[in-house]
Structure formats: structure tokens, C-alpha cells
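**Student:** Please work from the sequences and hints to get the whole structure.
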Amino acid sequence: GGGAEGGGGSGSREAVERLVREHPVVVFMKGSPAQPLCGFSNAVVQILRLHGVEDYRAHDVLQDPDLRQGIKNYSNWPTIPQVYLNGEFVGGCDILLQMHQNGDLVEELKKLGIRSALLDAEKDQEKK
Amino acid sequence: PLSLSLCSSPSPMRAPLLAAAGAAMGGTGGPLARTIRAKLTAALQPSHLEVRDDSPRHGGPPGAETHFGVLVVSGLFAGLSPLQRHRLVHEALRAELAGPLHALQVTARTPEQWQSDPRNPPAPPCLGGSKKEKRRG
Numbered sequence: 001g002g003g004a005e006g007g008g009g010s011g012s013r014e015a016v017e018r019l020v021r022e023h024p025v026v027v028f029m030k031g032s033p034a035q036p037l038c039g040f041s042n043a044v045v046q047i048l049r050l051h052g053v054e055d056y057r058a059h060d061v062l063q064d065p066d067l068r069q070g071i072k073n074y075s076n077w078p079t080i081p082q083v084y085l086n087g088e089f090v091g092g093c094d095i096l097l098q099m100h101q102n103g104d105l106v107e108e109l110k111k112l113g114i115r116s117a118l119l120d121a122e123k124d125q126e127k128k
Numbered sequence: 001p002l003s004l005s006l007c008s009s010p011s012p013m014r015a016p017l018l019a020a021a022g023a024a025m026g027g028t029g030g031p032l033a034r035t036i037r038a039k040l041t042a043a044l045q046p047s048h049l050e051v052r053d054d055s056p057r058h059g060g061p062p063g064a065e066t067h068f069g070v071l072v073v074s075g076l077f078a079g080l081s082p083l084q085r086h087r088l089v090h091e092a093l094r095a096e097l098a099g100p101l102h103a104l105q106v107t108a109r110t111p112e113q114w115q116s117d118p119r120n121p122p123a124p125p126c127l128g129g130s131k132k133e134k135r136r137g
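Keeping their order, the protein sequence lines are chains C and E.
For the first sequence, UniProt numbering gives the first residue as 1, with consecutive numbering after it.
For the second sequence, UniProt numbering gives the first residue as 1, with consecutive numbering after it.
No wet-lab data here; the hints were simulated from the structure.
Computed from a prediction, not measured in an experiment: that's the story for all the values here.
Heads up, the beta-carbon is just placed ideally off N, CA and C, and yes, glycines get one too.
Hints may contain errors.
If the Cβ cut is set under 7 Å, some of the chain C residues that face chain E in the computed set are [as the list claims (entries may be wrong)]:
| id | residue |
| --- | --- |
| 1 | P36 |
| 2 | N42 |
| 3 | G91 |
Residues from chain E that face chain C, not an exhaustive set, calculated with beta carbons under 8 Å [said to hold, decoys possible]:
| id | residue |
| --- | --- |
| 4 | P82 |
| 5 | L83 |
| 6 | H90 |
| 7 | L97 |
| 8 | A103 |
| 9 | L104 |
| 10 | Q105 |
| 11 | V106 |
| 12 | T107 |
| 13 | S116 |
| 14 | P118 |
| 15 | P124 |
| 16 | P125 |
| 17 | C126 |
| 18 | L127 |
**Tutor:** Below is the structure:
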């Protein structure tokens, strides 16, 4: 494969590895959760918000070209956003949306010890 | 079916509708659209394929061909996770993704899944991107 994996740079394999292991939920995106700069990145932020996941690590690749290329090398995935759960690459916006729609995301969050807000929403529904 | 635009383009253009119509009819589109169609057909032997040029909805000029959405229905996806399916699509378009193809939305279904859910989700609305961006994302 191509692409430079400079020793120690912000896009190196080691640097990316550290970032994806920083937190159970790590997102590489364009812009920030407060201000996404891309519709696909925004979709990821909105989905996480629906599940009540507000505490996660988000990295703005527009601020760091080395990281932007490094994350693509690391996951062998050509586009941004990229979502990592428990250090493992899960996919981009399309896949996260699919997981959200079919219930897989609730399950994956549960494995990380995160209770999806949607479960509470369902419980409220049942009470009515 | 035409994909619905969820945001308003920066400038009023008829081009998005024409581009969408072209993609939906499957016959026309620019050179990159045709390349994407040819490569996906060769690699995945789809029973159904839609190639949608979303570039006009991201502020690019007509014919920019930078943002695409593809719907691929193929028996080759059977037994594969969504991640594995998307990787197959990416592999088929490796050269384009290393070049002019800036963004790619992927919907990958088996023929059985397509029969039970024949919808092609539209791309999320553009939020402007980086004004400084010149290279692909």
C-alpha cells in the first residue's frame, strides 16, 4: 500500500492507535460535534446524540492533514467520517446509520457499558 | 426514484435535477459516473445499480463529479457484514477514491434485501465543508 507513515508524526500508525484507544467512542470527522462541516460527519454526530452519547472523542481532520491521511491508512478506509468503538473501526456514516436503524448500535453501546438514551425513550413509551 | 434534496443548494440550479434524472435513468452522467458504473458492474455483477452524482448539492459546479452515492444490489454481498460490503465497493473504486472522488455514499444490499426494501436513501445535506479544501477528503 501507499501513503507515508512517518515515524512519530500525528498521522503515524502509533499516533492513530493511541487516539482510537483513548475512549470507547472515537470519531474522526470534519469540523467538531458543535459545528460539523460536512453532512456525513454531522449525521454521525446526530446519531450519537440520539443515543445520548455526548461524551466521546472527536478529532477534526481538517485541522491536521497528517492525521487526515494517517487515519485513512490505519483503517484502510478512504473517507471521513470514521467511527471507532472500543478501539475498533466500525465504519463511516452509512454503516453507523444502518446500525442505528437495525438496533445494532444500541447493542454495541451496551457492550461498552453505555446505555443508549433510546432505551429510556422506549421505556417511557411503555408507561403511557 | 429521484433522490430528494434535503438542503437548498447555494445557488439555484436546474443541473441537480438533470443530474439526478440522468443517474436515475442509469444511462448518462459524466465520465466519472460512467467509470464508477463500469467498475462496479465488473467487480460486483449487480442485479441493480444506481449511481448518483451528488456533486451539485455540495456547492460544486455542474459536472464537478466529486461526490457520489451508489446503490449496489448484488448476491456477492450475501453473508458479508456492512463493513465488508463497503470495502468491496471501495476496492472496486480504489483508483477513483485516490483521485477525483471526494465522497462516496454506499448502500449495499443482497437481492433479497432489495426486494423487501427497495429504497435508496439520499445523501445527508451538505454543511459547507472546508472552504480551504482543494484535495479530496
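**Student:** A separate judgement is required for each hint: does it hold in the structure or not?
**Tutor:** Do the hints match the structure? See the list:
For C/P36, the interface hint holds, the least distance from its beta-carbon to any beta-carbon of chain E being 6 Å, beneath 7 Å. Here the hint on C/N42 is kept, as its CB sits about 5 Å from the closest CB of chain E, short of 7 Å. Contact between C/G91 and chain E, as hinted, is supported at the beta carbon level, the nearest pair being about 5 Å apart and thus within 7 Å. Given hint, E/P82 at the interface with chain C, holds; its Cβ is 5 Å from that chain's nearest Cβ, closer than 8 Å.
Hint status for E/L83: holds, given a least beta-carbon distance of 5 Å to chain C, under 8 Å. Checking E/H90 against chain C by beta carbon gives a least distance of about 6 Å; that is within 8 Å, so the hint holds. Interface hint at E/L97: satisfied, since its Cβ lies 4 Å from the closest Cβ of chain C, which is below the 8 Å cut-off. Interface restraint check: E/A103 against chain C, minimum CB-CB distance 6 Å, threshold 8 Å, status holds.
A cut of 8 Å between beta carbons decides the hint on E/L104: the least distance to chain C is about 6 Å, and the hint holds. Because the smallest distance between the Cβ of E/Q105 and any Cβ of chain C comes to about 6 Å, under 8 Å, the interface hint for this residue holds. A hinted interface residue such as E/V106 counts as satisfied when its beta carbon comes closer than 8 Å to some beta carbon of chain C; here the least separation is about 5 Å, so the hint holds. For E/T107, the suggested interface contact is upheld, since its CB lies about 7 Å from the closest CB of chain C, less than 8 Å.
For E/S116, the shortest C-beta to C-beta distance to chain C is roughly 13 Å, which exceeds 8 Å, and the interface hint is violated. Interface restraint check: E/P118 against chain C, minimum CB-CB distance 16 Å, threshold 8 Å, status violated. Interface restraint check: E/P124 against chain C, minimum CB-CB distance 4 Å, threshold 8 Å, status holds. Taking 8 Å as the C-beta contact cut-off toward chain C, the hint placing E/P125 at the interface holds, the least distance being around 5 Å.
Satisfaction of the interface hint for E/C126 is found here, the shortest Cβ-Cβ separation to chain C being roughly 5 Å, below the 8 Å cut-off. Taking 8 Å as the C-beta contact cut-off toward chain C, the hint placing E/L127 at the interface holds, the least distance being around 5 Å.
When the structure is compared with the earlier hints, violations turn up for hints 13 and 14 and for no others.
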